[in-house]
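**Student:** Sequence:
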Amino acid sequence: MPQSLSRVYVHITFSTKNRRACLDDDTNPALWAYIAGICENLECHAIRIGGYHDHIHICCLLSKKVTQVKLLEEIKKDSSKWMNTRDRRHNDFYWQEGYGIFSVNPSEIEKVVEYIDGQHERHKKCTFQEELLAFLKKYKVEYDERYLWN
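Numbering (the numbering used here) for the sequence shown: 1 to 150.
Calculated from the structure, these hints are not laboratory results. One should not assume that every hint holds.
Using 30 angstroms as the maximum straight-line C-alpha spacing, the simulated DSSO-like pairs for lysine-lysine come out as follows [as the list claims (entries may be wrong)]:
no., residue 1, residue 2
1, K138, K76
2, K111, K137
3, K65, K140
4, K124, K111
Computed from a predicted structure; not experimentally measured.
All chains should be modelled from the sequences, with the hints used to inform the complete structure.
**Tutor:** Here it is as C-alpha coordinates:
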(Lines of atoms letter the chains of each structure in order from A; the text may use other names.)
(Lines give C-alpha, C1' and ligand atoms only; values in the text may rest on other atoms or scores of the structure.)
Protein backbone atom coordinates (compact mmCIF):
# COMPACT_ATOMS: atom_id res chain seq x y z
CA MET A 1 0.00 0.00 0.00
CA PRO A 2 1.61 3.30 -1.01
CA GLN A 3 -0.19 5.30 1.71
CA SER A 4 -0.05 5.25 5.49
CA LEU A 5 -3.64 5.31 6.69
CA SER A 6 -4.72 5.56 10.29
CA ARG A 7 -7.84 6.34 12.31
CA VAL A 8 -7.22 5.54 15.98
CA TYR A 9 -9.52 7.10 18.57
CA VAL A 10 -8.45 7.06 22.21
CA HIS A 11 -10.00 7.85 25.57
CA ILE A 12 -7.40 9.15 28.01
CA THR A 13 -7.82 9.69 31.72
CA PHE A 14 -5.47 10.74 34.50
CA SER A 15 -5.63 12.47 37.85
CA THR A 16 -4.14 15.48 39.51
CA LYS A 17 -1.16 14.66 41.72
CA ASN A 18 -2.42 12.96 44.89
CA ARG A 19 -5.93 13.38 43.45
CA ARG A 20 -5.97 16.96 44.71
CA ALA A 21 -9.43 18.42 44.01
CA CYS A 22 -8.30 21.64 42.32
CA LEU A 23 -10.04 21.53 38.94
CA ASP A 24 -12.97 23.91 39.19
CA ASP A 25 -15.60 25.53 37.01
CA ASP A 26 -13.59 28.78 36.90
CA THR A 27 -10.44 27.14 35.56
CA ASN A 28 -11.72 24.16 33.58
CA PRO A 29 -12.99 25.81 30.36
CA ALA A 30 -9.67 27.56 29.78
CA LEU A 31 -7.69 24.44 30.78
CA TRP A 32 -9.72 22.22 28.44
CA ALA A 33 -9.19 24.72 25.60
CA TYR A 34 -5.47 24.88 26.32
CA ILE A 35 -5.19 21.09 26.27
CA ALA A 36 -7.20 20.96 23.04
CA GLY A 37 -4.59 23.31 21.56
CA ILE A 38 -1.78 21.00 22.67
CA CYS A 39 -3.56 18.09 20.99
CA GLU A 40 -4.11 20.06 17.79
CA ASN A 41 -0.44 21.10 17.67
CA LEU A 42 0.41 17.39 17.71
CA GLU A 43 -2.19 16.67 15.00
CA CYS A 44 -4.30 14.76 17.53
CA HIS A 45 -7.75 16.25 17.05
CA ALA A 46 -9.46 16.67 20.43
CA ILE A 47 -13.07 15.56 20.22
CA ARG A 48 -14.02 16.20 23.85
CA ILE A 49 -12.18 17.18 27.00
CA GLY A 50 -13.74 17.27 30.43
CA GLY A 51 -13.37 15.99 33.92
CA TYR A 52 -14.12 16.46 37.54
CA HIS A 53 -12.37 18.05 40.52
CA ASP A 54 -9.44 15.64 40.60
CA HIS A 55 -9.12 14.15 37.11
CA ILE A 56 -9.51 14.67 33.39
CA HIS A 57 -10.84 12.76 30.39
CA ILE A 58 -9.74 13.38 26.82
CA CYS A 59 -11.23 11.81 23.73
CA CYS A 60 -9.09 12.43 20.68
CA LEU A 61 -8.01 11.09 17.34
CA LEU A 62 -4.42 9.91 17.70
CA SER A 63 -2.13 11.19 14.96
CA LYS A 64 -0.18 8.59 13.03
CA LYS A 65 2.90 10.78 13.66
CA VAL A 66 2.72 10.84 17.48
CA THR A 67 3.16 8.06 20.02
CA GLN A 68 0.86 7.73 23.00
CA VAL A 69 3.75 8.53 25.32
CA LYS A 70 4.64 11.72 23.43
CA LEU A 71 1.02 12.91 23.43
CA LEU A 72 0.64 12.36 27.19
CA GLU A 73 4.04 13.84 27.96
CA GLU A 74 3.24 17.04 26.07
CA ILE A 75 -0.28 17.38 27.49
CA LYS A 76 0.85 16.94 31.08
CA LYS A 77 4.04 19.00 30.87
CA ASP A 78 2.59 21.96 28.98
CA SER A 79 -0.73 22.12 30.84
CA SER A 80 1.02 21.89 34.24
CA LYS A 81 3.27 24.82 33.31
CA TRP A 82 0.24 26.76 32.07
CA MET A 83 -1.71 26.09 35.28
CA ASN A 84 1.25 27.12 37.45
CA THR A 85 1.61 30.48 35.71
CA ARG A 86 -2.09 31.26 35.32
CA ASP A 87 -3.21 31.62 38.92
CA ARG A 88 -1.44 31.64 42.31
CA ARG A 89 -3.96 29.08 43.58
CA HIS A 90 -2.38 26.63 41.15
CA ASN A 91 1.30 27.47 41.52
CA ASP A 92 1.98 23.93 42.76
CA PHE A 93 -0.23 22.14 40.23
CA TYR A 94 0.90 18.77 38.87
CA TRP A 95 -0.67 15.77 37.19
CA GLN A 96 -0.09 12.26 38.50
CA GLU A 97 2.71 10.33 36.80
CA GLY A 98 0.59 7.61 35.21
CA TYR A 99 -2.40 7.59 32.92
CA GLY A 100 -4.96 5.35 31.31
CA ILE A 101 -5.37 5.33 27.54
CA PHE A 102 -7.96 3.13 25.91
CA SER A 103 -8.91 2.52 22.30
CA VAL A 104 -12.36 3.59 21.17
CA ASN A 105 -14.40 2.04 18.39
CA PRO A 106 -15.35 4.84 15.94
CA SER A 107 -19.01 3.85 16.31
CA GLU A 108 -18.74 4.50 20.07
CA ILE A 109 -17.35 8.06 19.95
CA GLU A 110 -20.70 9.65 20.83
CA LYS A 111 -20.97 7.40 23.90
CA VAL A 112 -17.51 8.52 25.04
CA VAL A 113 -18.49 12.17 24.53
CA GLU A 114 -21.63 11.62 26.62
CA TYR A 115 -19.54 9.85 29.25
CA ILE A 116 -17.15 12.79 29.48
CA ASP A 117 -20.01 15.30 29.54
CA GLY A 118 -21.65 13.35 32.38
CA GLN A 119 -18.73 13.54 34.81
CA HIS A 120 -20.44 15.75 37.41
CA GLU A 121 -23.45 13.44 37.63
CA ARG A 122 -21.35 10.27 37.60
CA HIS A 123 -19.15 11.42 40.45
CA LYS A 124 -22.10 11.95 42.72
CA LYS A 125 -22.18 8.13 42.75
CA CYS A 126 -18.57 7.00 42.39
CA THR A 127 -14.99 8.19 42.88
CA PHE A 128 -12.27 8.51 40.26
CA GLN A 129 -10.66 5.41 41.75
CA GLU A 130 -13.86 3.38 41.23
CA GLU A 131 -14.22 4.80 37.73
CA LEU A 132 -10.65 3.87 36.76
CA LEU A 133 -10.96 0.37 38.22
CA ALA A 134 -14.07 -0.14 36.08
CA PHE A 135 -12.11 0.91 32.96
CA LEU A 136 -9.29 -1.45 33.83
CA LYS A 137 -11.72 -4.31 34.30
CA LYS A 138 -13.61 -3.53 31.07
CA TYR A 139 -10.39 -3.43 29.04
CA LYS A 140 -8.85 -6.39 30.90
CA VAL A 141 -5.79 -4.38 31.92
CA GLU A 142 -3.47 -6.08 34.39
CA TYR A 143 -2.19 -3.78 37.13
CA ASP A 144 -0.58 -3.75 40.54
CA GLU A 145 -2.78 -1.74 42.90
CA ARG A 146 0.27 -0.88 45.03
CA TYR A 147 1.36 1.46 42.22
CA LEU A 148 -2.00 2.49 40.82
CA TRP A 149 -2.68 5.52 43.00
CA ASN A 150 0.75 7.14 43.38
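**Student:** State for each hint whether it applies.
**Tutor:** Status of each hint after checking the structure:
Distance check on the hinted pair: K138 and K76 sit about 25 angstroms apart at the alpha-carbon level, within 30 angstroms; holds. A hinted pair counts as satisfied when its Cα atoms are at most 30 angstroms apart, and K111 with K137 qualifies at roughly 18 angstroms. With a CA separation close to 27 angstroms, the supplied pair K65 and K140 stays within the 30 angstroms bound. A distance of roughly 19 angstroms separates the Cα atoms of K124 and K111; the hinted pair therefore holds under the 30 angstroms criterion.
Hint compliance for this structure: every hint is met.
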